[in-house]
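Chemist: Here is how the chains run, residue by residue.
There are 8 protein chains.
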Amino acid sequence: MQDYANLDFERADRCGFPEVIYGASKTPEQIVAIAKELLDAHRVVLATRVSERAASIAAEAIPDSHYFARSGILFADRRDVPIAGGSLEEVLECENNARGKVLVCCAGTSDIDIAEEAALTARIMGSKVQMIADIGIAGVHRTLAHVDDLRSAHVVVVVAGMEGALASLVAGLVDVPVIAVPTSVGYGASFNGVAALLSMLNSCAGGVSVVNIDNGFGAGQIAHRINCPPERLA
Amino acid sequence: MQDYANLDFERADRCGFPEVIYGASKTPEQIVAIAKELLDAHRVVLATRVSERAASIAAEAIPDSHYFARSGILFADRRDVPIAGGSLEEVLECENNARGKVLVCCAGTSDIDIAEEAALTARIMGSKVQMIADIGIAGVHRTLAHVDDLRSAHVVVVVAGMEGALASLVAGLVDVPVIAVPTSVGYGASFNGVAALLSMLNSCAGGVSVVNIDNGFGAGQIAHRINCPPERLA
Amino acid sequence: MQDYANLDFERADRCGFPEVIYGASKTPEQIVAIAKELLDAHRVVLATRVSERAASIAAEAIPDSHYFARSGILFADRRDVPIAGGSLEEVLECENNARGKVLVCCAGTSDIDIAEEAALTARIMGSKVQMIADIGIAGVHRTLAHVDDLRSAHVVVVVAGMEGALASLVAGLVDVPVIAVPTSVGYGASFNGVAALLSMLNSCAGGVSVVNIDNGFGAGQIAHRINCPPERLA
Amino acid sequence: MQDYANLDFERADRCGFPEVIYGASKTPEQIVAIAKELLDAHRVVLATRVSERAASIAAEAIPDSHYFARSGILFADRRDVPIAGGSLEEVLECENNARGKVLVCCAGTSDIDIAEEAALTARIMGSKVQMIADIGIAGVHRTLAHVDDLRSAHVVVVVAGMEGALASLVAGLVDVPVIAVPTSVGYGASFNGVAALLSMLNSCAGGVSVVNIDNGFGAGQIAHRINCPPERLA
Amino acid sequence: MQDYANLDFERADRCGFPEVIYGASKTPEQIVAIAKELLDAHRVVLATRVSERAASIAAEAIPDSHYFARSGILFADRRDVPIAGGSLEEVLECENNARGKVLVCCAGTSDIDIAEEAALTARIMGSKVQMIADIGIAGVHRTLAHVDDLRSAHVVVVVAGMEGALASLVAGLVDVPVIAVPTSVGYGASFNGVAALLSMLNSCAGGVSVVNIDNGFGAGQIAHRINCPPERLA
Amino acid sequence: MQDYANLDFERADRCGFPEVIYGASKTPEQIVAIAKELLDAHRVVLATRVSERAASIAAEAIPDSHYFARSGILFADRRDVPIAGGSLEEVLECENNARGKVLVCCAGTSDIDIAEEAALTARIMGSKVQMIADIGIAGVHRTLAHVDDLRSAHVVVVVAGMEGALASLVAGLVDVPVIAVPTSVGYGASFNGVAALLSMLNSCAGGVSVVNIDNGFGAGQIAHRINCPPERLA
Amino acid sequence: MQDYANLDFERADRCGFPEVIYGASKTPEQIVAIAKELLDAHRVVLATRVSERAASIAAEAIPDSHYFARSGILFADRRDVPIAGGSLEEVLECENNARGKVLVCCAGTSDIDIAEEAALTARIMGSKVQMIADIGIAGVHRTLAHVDDLRSAHVVVVVAGMEGALASLVAGLVDVPVIAVPTSVGYGASFNGVAALLSMLNSCAGGVSVVNIDNGFGAGQIAHRINCPPERLA
Amino acid sequence: MQDYANLDFERADRCGFPEVIYGASKTPEQIVAIAKELLDAHRVVLATRVSERAASIAAEAIPDSHYFARSGILFADRRDVPIAGGSLEEVLECENNARGKVLVCCAGTSDIDIAEEAALTARIMGSKVQMIADIGIAGVHRTLAHVDDLRSAHVVVVVAGMEGALASLVAGLVDVPVIAVPTSVGYGASFNGVAALLSMLNSCAGGVSVVNIDNGFGAGQIAHRINCPPERLA
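Protein chains in written order, with the working numbering: chain A, 1 to 234; chain B, 1 to 234; chain C, 1 to 234; chain D, 1 to 234; chain E, 1 to 234; chain F, 1 to 234; chain G, 1 to 234; chain H, 1 to 234.
Just so you know, the hints here were simulated from the structure itself, not pulled from any lab data.
Glycine included, every Cβ here is placed at the ideal spot set by N, Cα and C.
Hints should not be assumed to be uniformly reliable.
Below, a list of computed lysine-lysine pairs in the BS3-like style, where the Cα atoms sit at most 27 Å apart [to be verified]: (1) K101/B <-> K128/C; (2) K101/E <-> K36/H; (3) K101/G <-> K101/F; (4) K36/D <-> K101/A; (5) K36/G <-> K128/F.
Each pair of labels, with its calculated beta carbon distance range [stated by the list, open to error]: (6) R70/A <-> V147/B: 44 to 54 Å; (7) P230/G <-> A84/F: 24 to 34 Å; (8) V147/B <-> F9/D: 17 to 27 Å; (9) A12/E <-> A145/F: 47 to 57 Å; (10) D149/H <-> E52/F: 48 to 58 Å; (11) P82/H <-> A12/E: 41 to 51 Å.
Which residues of chain E face chain A? A partial, calculated answer using Cβ under 7 Å [said to hold, decoys possible]: (12) I62; (13) P63; (14) S110; (15) D134; (16) G139.
Required output: the full structure, derived from the provided sequences and hints.
Modeler: What follows is the structure in structure tokens.
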């Protein structure tokens with residue numbers, strides 16, 4: 001194939017899902033070429049941080065690809081029970097035979113892009129996913145109103161910028177793992193997400209682990225692994 | 001007086017309370033000598049970050065001085081209605097004719113030293129003070145149980161280490177100013193209080209301002225200024 | 001309402017003023033839609049960090065909205081005694097029955113945008129506000145010339161970039177709370193406001209608390225809370 | 001009870017395990033007093049970062065407590081099928097009816113303290129635990145020799161200092177969640193664990209989430225939550 | 001010559017290769033003028049971080065110059081056995097009488113620009129160079145498949161962003177010097193290459209030294225010095 | 001005058017030169033208006049960090065103003081013996097009756113902008129100035145060739161980016177004060193000048209003091225104060 | 001001489017004063033051996049950061065050495081008009097034929113150690129020195145009371161910790177060079193002097209240059225060079 | 001063997017020298033036990049950062065071990081042509097049949113510990129080593145006096161703290177690789193070696209690569225690999 005990439009076709013066997021394309025530092029042409037190879041090999045392909053321009057080129061080369069501009073997620077699904085695309089709600093609510101559920105919540109309107117990246121990743125990998133937006137700690141009653149939802153999930157992903165306190169609040173309310181995603185939302189001494197990252201790493205509530213700033217994809221992937229363990233371990 | 005100090009005897013007039021002695025980088029002898037001069041001039045003296053050794057030397061030189069080992073506060077009061085000393089509870093509960101109240105709360109047992117520094121400072125300067133310990137966000141019901149207390153104060157001081165999320169939680173529940181004090185409680189990526197400091201600076205809830213890490217004194221002083229405005233402005 | 005927001009209509013009761021719109025990471029359409037809902041519910045709406053483009057869209061949707069380009073403040077006021085808009089001077093000087101006064105001062109010409117954000121926030125929330133510009137420490141006589149103004153206020157907001165020393169200077173001259181706002185004015189080792197932030201957190205003068213870099217809004221809000229305590233506490 | 005603590009006896013119901021005592025900033029007397037209360041209420045108590053001196057005081061007050069000096073873990077277990085204490089091997093290998101397994105591995109001999117903290121935490125909370133030491137990336141064959149072990153676990157905890165690369169290596173070999181624990185092992189530009197922390201947050205291999213530097217406890221807790229979901233979700 | 005530069009024509013004698021032009025902060029006109037002087041004096045000239053616009057101006061002024069857009073390398077070679085230009089493959093594979101070999105490998109597709117800068121630098125200075133792309137640690141079998149290549153070189157340059165773990169992995173497999181180049185590939189807590197830089201500085205595997213973030217040129221130069229010692233030392 | 005500025009007309013008496021306009025965060029209109037006021041009051045005006053657009057507006061409003069695009073310096077001089085403008089060389093070499101000399105040297109071609117800012121500042125304030133470019137430490141013979149020049153000055157300004165080592169080298173060769181200016185020239189771990197700043201602050205050679213990154217103006221001003229002490233002290 | 005040192009006996013000619021011993025990382029034996037060699041060669045020797053233990057060993061080996069415990073300065077003077085030792089006041093006030101004066105002032109009592117280091121350094125090198133303590137910005141009238149002293153000096157050294165604002169205040173009052181010395185006095189977000197360092201580097205008042213944190217020696221040396229230019233330049 | 005270590009006996013074959021013991025975070029007993037195993041297997045063992053207490057325990061268990069207290073190096077050599085121990089000079093000068101030479105130089109007396117660590121490491125691994133102390137940039141003539149030595153080596157190790165400028169100076173004088181070792185010598189803004197590290201990473205002179213702060217061992221190892229390439233590559 002290309003001289004710039006060395007695809008890892010064994011990753012699906014080794015790690016449970018094929019290699020995912022990190023679109024941020026690739027040209028549209030590289031993204032499309034790699035996507036086609038992976039789609040041929042695995043019948044599903046997922047790419048993150050895809051620009052609108054790359055997505056429109058992909059739309060021609062892979063007509064059954066779906067793109068979510070807010071989160072930069074591009075995917076195509078030719079598996080036996082494919083996800084048909086549509087709005088975020090349609091994708092999250094289409095039929096799914098996973099046993100557990102991933103709950104993705106976010107603190108503010110500005111964190112929705114990253115929350116969507118997490119939700120779509122977990123959904124495309126095979127999990128059921130519920131998403132709840134804008135329940136940040138400035139109005140704690142909004143969070144408490146969702147305690148039953150929170151406790152019905154096998155794993156909760158909390159997406160928050162600024163001081164990232166929602167992760168601690170949620171972790172104090174549940175007995176399942178919490179994956180915290182700091183976002184770069186904020187200004188000044190938020191230092192592009194560092195404040196939220198440190199806050200989450202120092203959560204006084206147990207059961208929280210953290211991924212990189214704005215790494216909705218990583219949170220979605222680990223949440224899916226928690227929610228749907230490999231069959232050999234069942 | 002001494003060659004190493006240049007006391008600011010006009011500070012009481014200018015700023016509402018006499019110069020306060022910062023004990024951390026002074027010798028016991030320096031602390032005692034300055035304390036005596038200030039006590040003579042103003043009939044009250046307050047020193048912070050006083051070591052046990054300095055306090056015992058002060059106890060001889062100024063027999064009516066009081067010392068709180070946990071917070072390092074040393075004071076002597078010869079004003080018309082003096083604070084008589086005793087336990088923290090006795091000091092906070094002795095008669096006081098201030099109109100409003102400062103509420104000092106802290107997130108964990110480990111933050112009590114700094115909370116005590118804030119509470120004693122505001123009390124010695126003239127405010128009524130209530131203190132509530134260990135109501136951190138890992139058990140949000142503990143915080144919610146004190147909403148009426150929180151809303152009965154003219155200003156709330158929130159003392160918290162680790163991720164410092166209690167400041168945002170409290171600020172979302174009250175309509176008075178919140179003074180947040182990050183503490184150095186924690187380890188690793190708490191960076192000696194930096195995580196809590198950044199968290200508090202980025203609070204998504206309004207009405208929060210912040211003082212230096214472990215600066216209970218500063219929080220107590222500004223809380224008192226809010227609680228008891230100068231008489232000329234009444 | 002929208003799926004991206006979960007408005008907190010109880011905030012006015014809980015925290016004294018309705019939810020304020022943080023415009024920095026929202027689309028113009030989101031800002032306008034949320035503003036209309038809040039205005040209907042509370043008869044007043046305030047938005048910060050609003051771009052000129054969002055403001056012009058708002059001007060059509062909410063014809064009685066007012067916009068201040070320098071500070072990015074947008075508001076509309078349909079309360080019983082509304083603020084009629086106009087220049088900053090007109091807004092600050094229109095009739096106001098608050099008892100105390102917020103004084104906002106800034107160090108240099110470059111800090112005016114943030115000072116205006118603080119002043120307008122406190123004014124719209126209900127305080128009397130006076131503003132004094134360009135009295136930085138390089139010419140200390142300029143600051144000293146305003147000592148009477150400084151001491152006539154219930155709370156002083158100090159806005160300064162570079163080394164942020166004005167906060168310490170002012171705090172040494174007054175006996176009321178000082179809210180310090182570091183700004184990102186400067187270059188090189190100012191690190192976008194970090195130098196001023198650290199300077200203010202370490203003020204050797206008492207009575208200073210600090211908000212996030214460039215957070216004029218936060219300073220205005222806390223200053224208003226100090227200046228106009230809730231009626232139930234009177 | 002004590003005035004310095006406000007125990008959260010509902011935490012077992014809410015979060016799956018009783019409140020755990022963070023021993024680092026408490027006096028031996030505080031640790032013992034809190035431990036006795038929790039043990040009475042829940043029949044099991046766990047404390048972390050307990051000093052040798054505190055442990056010897058606890059040994060008198062709670063004769064059936066067990067202490068692991070290397071990791072600072074103290075526990076007492078009066079549940080129906082208690083852990084009897086003994087060496088780390090004895091604790092890990094005593095009978096256990098959990099279905100899945102937590103695998104804890106570490107990169108070097110110096111990381112064992114933190115790995116033991118993680119392993120004991122997960123074991124005391126109820127998981128089966130296997131531990132493998134000193135398989136760092138400088139000799140990749142040592143890691144590869146354990147691939148079958150790695151793939152037999154429901155979750156892998158990777159403990160590593162210096163450059164922390166073992167997390168990425170392991171994550172590339174498994175399809176289950178990887179919880180990475182950076183340690184403060186190293187010198188110079190390791191910045192007390194920051195290098196490992198950043199390395200783990202930026203892992204190019206998927207499925208990795210991270211806890212605070214030296215937070216073996218947190219990793220053990222979240223690993224247990226992944227390994228043993230709450231029964232209501234089964 | 002120009003008043004803005006003070007060329008160091010003795011550098012070839014002193015340091016083994018003429019002065020190299022750092023194009024990043026020079027105008028196209030400055031680059032071309034300096035390049036012509038150096039080419040006249042030394043019959044070879046190398047410039048790094050050359051923009052496309054500067055390269056097109058150079059193409060007119062120095063028609064036998066060659067430009068590689070991906071890495072920003074510009075060179076012209078009028079030595080006795082010149083490098084004729086062409087694709088990267090052609091340049092690396094043209095005749096070369098050096099005895100040893102520099103191997104340049106990189107972790108991901110996104111690191112190729114910097115790898116090419118290293119490879120071309122070493123090649124133009126006189127070394128044989130082999131380049132292997134996309135063998136990062138997420139799929140360790142890809143690295144292990146190249147062990148023979150790695151062990152056939154006199155020095156290995158490892159180029160990697162994100163967590164930069166490839167450097168440690170390679171260093172554990174070879175007995176020759178490893179020059180590690182962190183790249184700015186990544187986001188969030190990669191801090192523009194700082195995570196990779198720290199990771200490489202803390203490598204637990206021996207034999208690794210590090211150059212600045214994105215400094216492919218520096219790595220190529222030092223690799224060449226290792227690979228081709230000065231003749232006087234033979 | 002304007003409401004946004006509060007000019008300090010006494011600064012010339014107090015500090016030896018009128019207030020200087022910091023152009024970076026002012027509009028062209030503000031710069032011109034302030035410049036005209038200062039020029040009327042003092043017969044000389046200096047502005048730094050002036051954009052080309054602001055300079056062209058100033059050229060119309062103040063026809064005898066001079067602008068240096070490379071360094072962003074704008075000035076107008078109507079003193080008794082005015083500087084007539086022209087090229088940098090012409091300005092530096094025009095008649096001057098100062099007794100001592102400021103020597104400004106820089107490490108590389110890329111540092112010239114800042115060196116020019118320093119040189120023009122000192123010259124306009126009244127000093128004799130000599131400037132030497134591109135004598136960085138990579139070719140130490142270039143520095144040593146100027147030892148006599150260095151030792152003929154009353155003060156040396158050293159401008160350098162990257163590792164900033166020229167300051168130490170020069171300071172080891174002279175017995176007069178050295179003012180070091182770190183520049184933001186560099187990439188990666190230069191952190192926009194922080195590497196040079198730290199290097200200069202830690203100089204092992206005596207007699208070095210440092211100004212902010214890229215602060216050629218500040219260096220020129222302090223160099224002039226050293227070179228031309230106030231007459232009252234003669 | 002010793003194998004661990006390579007004394008630079010030409011430094012007095014080249015840089016105006018003999019090599020000064022940096023005592024912080026040398027053994028007492030090394031300090032004494034080097035001191036004796038330098039004293040023999042130059043008739044004066046100065047050592048900084050000398051521990052009490054090293055000083056007592058030196059007192060035996062060099063009976064005419066003088067030691068100042070507060071600042072760690074050790075010196076011996078066998079020049080024609082030697083400094084006889086005694087208290088700081090005696091040293092500063094003994095006869096001196098320098099023409100200008102260095103004024104050293106500090107913000108607080110805690111900064112006196114570093115101020116003394118600066119004052120003694122400048123005095124031993126040959127300058128007249130005046131020292132004023134505890135005139136920090138919290139009481140600006142204390143600073144203003146010394147304006148005449150400040151303006152009578154050829155150079156002012158300002159020593160301050162915490163927010164370091166005294167440097168800006170003084171620089172706004174004088175027309176001579178100001179050398180600012182940040183100290184590590186403070187806690188929390190002072191970061192051991194970083195807050196003061198950044199504050200001083202960003203001074204909005206002109207004429208300030210800065211030395212390393214706690215580098216009283218460096219400030220004294222550069223102040224002396226400014227105050228007493230080399231005779232060849234007279 | 002022990003449960004805490006998993007020795008890598010193949011490292012000698014794979015990487016050219018047996019596993020080296022990092023003594024900093026191991027107990028004396030662990031060091032001795034591992035040392036004996038490695039010595040039995042390879043006939044040579046090297047340990048770094050060994051405390052005096054661990055060395056005295058080793059002296060009993062391994063009577064032919066040698067210890068250098070200044071650098072913390074411990075080794076035993078039972079190879080065919082063993083290093084007999086003795087002073088640093090004796091070790092460096094004993095017979096050696098390597099073809100090339102490693103030159104280790106350091107800037108100041110305080111850097112000697114780390115320089116010795118580098119020199120002994122390279123020597124024990126098999127290289128010829130020359131060491132030159134105290135040739136820092138404050139007296140550039142001291143460096144220039146050793147140009148012939150510098151140019152006679154196959155690789156130069158430069159050890160320097162504070163501003164670390166010696167690396168750039170040396171790199172500008174030679175045509176062989178320079179390995180730079182920043183040391184933690186310094187105070188204040190040296191940040192325990194960070195200033196020197198950044199300085200070296202940003203060297204404007206070519207051919208410099210860098211190891212971790214105080215990592216003399218790493219520099220010695222890579223220098224040896226450069227100086228003595230594996231025989232299979234000859």
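Chemist: A separate judgement is required for each hint: does it hold in the structure or not?
Modeler: We went through each hint and held it up to the structure:
1. Using a Cα cut-off of 27 Å, the hinted pair K101/B and K128/C holds, with the two alpha carbons roughly 24 Å apart.
2. Taking the CA atoms of K101/E and K36/H, the gap is near 38 Å; set against the 27 Å cutoff, the hint is violated.
3. Restraint check for K101/G and K101/F: satisfied, since their Cα atoms lie roughly 21 Å apart, inside the 27 Å limit.
4. In summary, the hint linking K36/D to K101/A is not supported, as the alpha carbons are separated by about 38 Å, beyond the 27 Å threshold.
5. For the hint linking K36/G to K128/F, the alpha-carbon distance of about 43 Å lies beyond 27 Å, and the restraint is violated.
6. Separation of R70/A from V147/B is about 37 Å and departs from the stated range, judged on CB atoms against 44 to 54 Å.
7. Take P230/G and A84/F: their Cβ atoms lie about 33 Å apart, and the range 24 to 34 Å holds.
8. Take V147/B and F9/D: their Cβ atoms lie about 21 Å apart, and the range 17 to 27 Å holds.
9. Between A12/E and A145/F the CB atoms are about 19 Å apart, so this pair departs from the stated range of 47 to 57 Å.
10. The supplied range of 48 to 58 Å is met by D149/H and E52/F, whose beta-carbon atoms lie about 52 Å from each other.
11. Under the hint 41 to 51 Å, the C-beta atoms of P82/H and A12/E, about 43 Å apart, fit the expected range.
12. Look at I62/E: its Cβ only gets to about 28 Å from chain A, farther than 7 Å, so that hint breaks.
13. Because the closest C-beta pair between P63/E and chain A is about 28 Å apart, greater than 7 Å, the hint is violated.
14. For the restraint placing S110/E at the interface with chain A, the shortest Cβ-Cβ distance is roughly 4 Å, inside the 7 Å limit, so the hint holds.
15. For D134/E, the interface hint holds, the least distance from its beta-carbon to any beta-carbon of chain A being 4 Å, beneath 7 Å.
16. The interface hint given for G139/E holds, since its Cβ lies 4 Å from the closest Cβ of chain A, which is under the 7 Å cut-off.
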